[in-house]
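Peer 1: So the protein lines, in turn, are chains V and E. The first sequence begins at 1 in the numbering used here and counts up one residue at a time. The second sequence begins at 383 in the numbering used here and counts up one residue at a time.
Hints may be right or wrong, so weigh each one.
For each label pair, taking beta carbons as the anchor points, the in silico distance ranges come out as [what the hints assert, rightly or not]:
#1 Asn160/V <-> Lys387/E: 46 to 56 Å
#2 Glu17/V <-> Thr474/E: 49 to 59 Å
#3 Leu325/V <-> Ile453/E: 31 to 41 Å
#4 Ser3/V <-> Lys422/E: 34 to 44 Å
#5 Lys385/E <-> Gln157/V: 48 to 58 Å
#6 Ile453/E <-> Tyr13/V: 46 to 56 Å
#7 Lys387/E <-> Lys163/V: 51 to 61 Å
#8 Val364/V <-> Lys389/E: 21 to 31 Å
#9 Gln157/V <-> Lys494/E: 52 to 62 Å
#10 Lys494/E <-> Ser35/V: 36 to 46 Å
#11 Lys419/E <-> Lys354/V: 22 to 32 Å
#12 Thr474/E <-> Ile258/V: 45 to 55 Å
#13 Asp483/E <-> Leu325/V: 23 to 33 Å
#14 Asn119/V <-> Lys419/E: 37 to 47 Å
In case anyone wonders, no lab produced these hints; they're calculated from the structure. Glycine residues also receive a C-beta, built at the ideal position from the N, C-alpha and C atoms.
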Amino acid sequence: MESIYLDHSATTYVRPEVLKSMISYFSEYYGNPGSMHRIGLTAKQAIDTARKITAEILNCDPEEIIFTGSGTESINMAIQGIAERGDHIITTNTEHHAVLHTCQFLEKRGVEVTYLPVNQKGLITPEQVEKAIKKNTKLITIAYANNEIGVIQPISQIGNISKKRKIYFHTDACQAGLYLDLNIKNLNVDMMTLNSSKVYGPKGVGMLFVDRSVKIRPILFGGSQEQGLRPGTENVPGIVGFATALKIGQKEKQKENIRLENIRDYLIQELLKISDTKLNGDPKKRLPNNVNVSFDGVEGESIILRLDEKGFCVSTGSACTSRSLEPSHVIQALYGSDKKEIAHGSIRITLGKKTTMNNARNFVEVIKDVVSGLREISPVYK
Amino acid sequence: MNKQKIKNKIKETNNSWFYTDIVKDHFFNPKNFLTDKEAKNYKADGVGIVGSSACGDVMKMWIRVKNNKIIDCKWQTFGCASALASTSVLSTMVIGMKLEDAKKITPQDIIKKLGGLPQIKIHCSVLGDQALRKAIEDYEGKKVK
């Protein structure tokens, strides 16, 4: 049985055009971009081109693009490279763990952090950010689009405030790469993180845009690659693949967004017909490919394993799959930590290039059976 | 990779599922559960419920007792696959068992019967034996009255 993959926010496959662009940099042009001979130069040219392509998409200078090993690494670089003892950071309570755990680490080192609470739809307001600014606020870091519920924060307006108040603004745009405007001039950001493995590129590559005015310190030490911010021999095929993936993604964006929004809205409409079901996050201010719902009285891991048996791959915010026994902090942020059961019963469905309306129709039929089957043996669903 | 190789890879994955085959069987084909409809007419001698939906696991057990022996055991569970499977397997273990023996069942006994559980999942199955003990206590309490 062929599996229908509806977990594109976890990661995407590498599209064939991307794989093709990478192949020759493994064993043909394998040189170290730092070497002065021609085999090294070929590799250097390849990453220069990739940097140029990426800079065009972001509307920035190529020198402002730092290639890294992942989104997580870029986020760590942006936060730890800026905040020092005595500084204040503003973020939200629904950020990815890459942000939250870095902030928690820095709190132990004398950095002050404000975690802005989102509203029931998962959104924060620019006013909330402005109110939280203190004398020592050095950095604002807020995700462009949430990785669990896909809601889109008002980045451009927050950027206006940060510019006015001369505070650095970083956005984690890992989930936005395929779907939203990446023009940093429109977004008013000083730093932005992107990740290759969410945009049909290879895993193990990320990127941090750093505006040339930002004074950032390295958090890794070694050679002078990537302007000394990311020492270590460059992942040449990965960087080439990442840039190719971004470029194709941007070209297809407009048309693909309309197609996916259509399937997303169909899924939301049909899933909400199942009794005692809730949509998590704002219905419209969300990524075209994200649906996140909670079913009363059933637990997420049971749902995903029964869906997997029927050939559908999705994910859950339940504690059982978190390895920490704590359910999704994002869903808890929406309804309060006294409503943990909503997080336990949450399911994230994230669509991709190969997802069709027909897949969505079949999925709805199957999940109806799965939920009612589990509710039948649930002592808490009445 | 050619198609055959991909197929083999998927087959391999199926064989290394997150849980054992016994867990898988009890999860996909749970034994002795009681639907809400059936629960209305089920004449239990003792009922026990443990857990909370905030924690992610709730288990309820119904037992029927004759001559100090459990002659029937039914259940409902809210929880993950191992929680469902551990209640299911427990129900198969206790039918026909003397009450005094049933009281002695430990989480380790349940885990063993399931062919093992991933370390992180062990807390889930701890609840089944507690629900059973509560059901037995409920029965014994009624008997005293």
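Peer 1: Hint by hint, note whether the structure agrees.
Peer 2: Hints, one by one, checked against the model:
Taken as a hint, the range 46 to 56 Å holds for the pair Asn160/V and Lys387/E, whose Cβ atoms sit roughly 54 Å apart. Between Glu17/V and Thr474/E the Cβ separation comes to about 54 Å, which falls inside the hinted range of 49 to 59 Å. Evaluation of the 31 to 41 Å hint for Leu325/V and Ile453/E yields a pass: the beta carbon distance comes to about 36 Å. For Ser3/V and Lys422/E, the Cβ-Cβ distance of about 39 Å falls inside the hinted range of 34 to 44 Å, so the restraint holds.
Look at Lys385/E against Gln157/V: about 50 Å separates their beta carbons, and that is inside 48 to 58 Å. Under the hint 46 to 56 Å, the C-beta atoms of Ile453/E and Tyr13/V, about 54 Å apart, fit the expected range. A hinted range of 51 to 61 Å holds for the C-beta pair Lys387/E and Lys163/V, which are about 54 Å apart. Our hint of 21 to 31 Å for Val364/V and Lys389/E holds, since their Cβ atoms are close to 28 Å apart.
Roughly 59 Å separates the CB atoms of Gln157/V and Lys494/E, a value that falls within the hinted 52 to 62 Å. At about 59 Å, the CB distance of Lys494/E to Ser35/V disagrees with the hint of 36 to 46 Å. Under the hint 22 to 32 Å, the C-beta atoms of Lys419/E and Lys354/V, about 41 Å apart, miss the expected range. At about 53 Å, the CB distance of Thr474/E to Ile258/V agrees with the hint of 45 to 55 Å.
For the pair Asp483/E and Leu325/V, the beta carbons lie near 31 Å from each other, so the given range of 23 to 33 Å is met. Evaluation of the 37 to 47 Å hint for Asn119/V and Lys419/E yields a pass: the beta carbon distance comes to about 40 Å.
Checked against the numbered hints above, the structure violates hints 10, 11; every other hint is satisfied.
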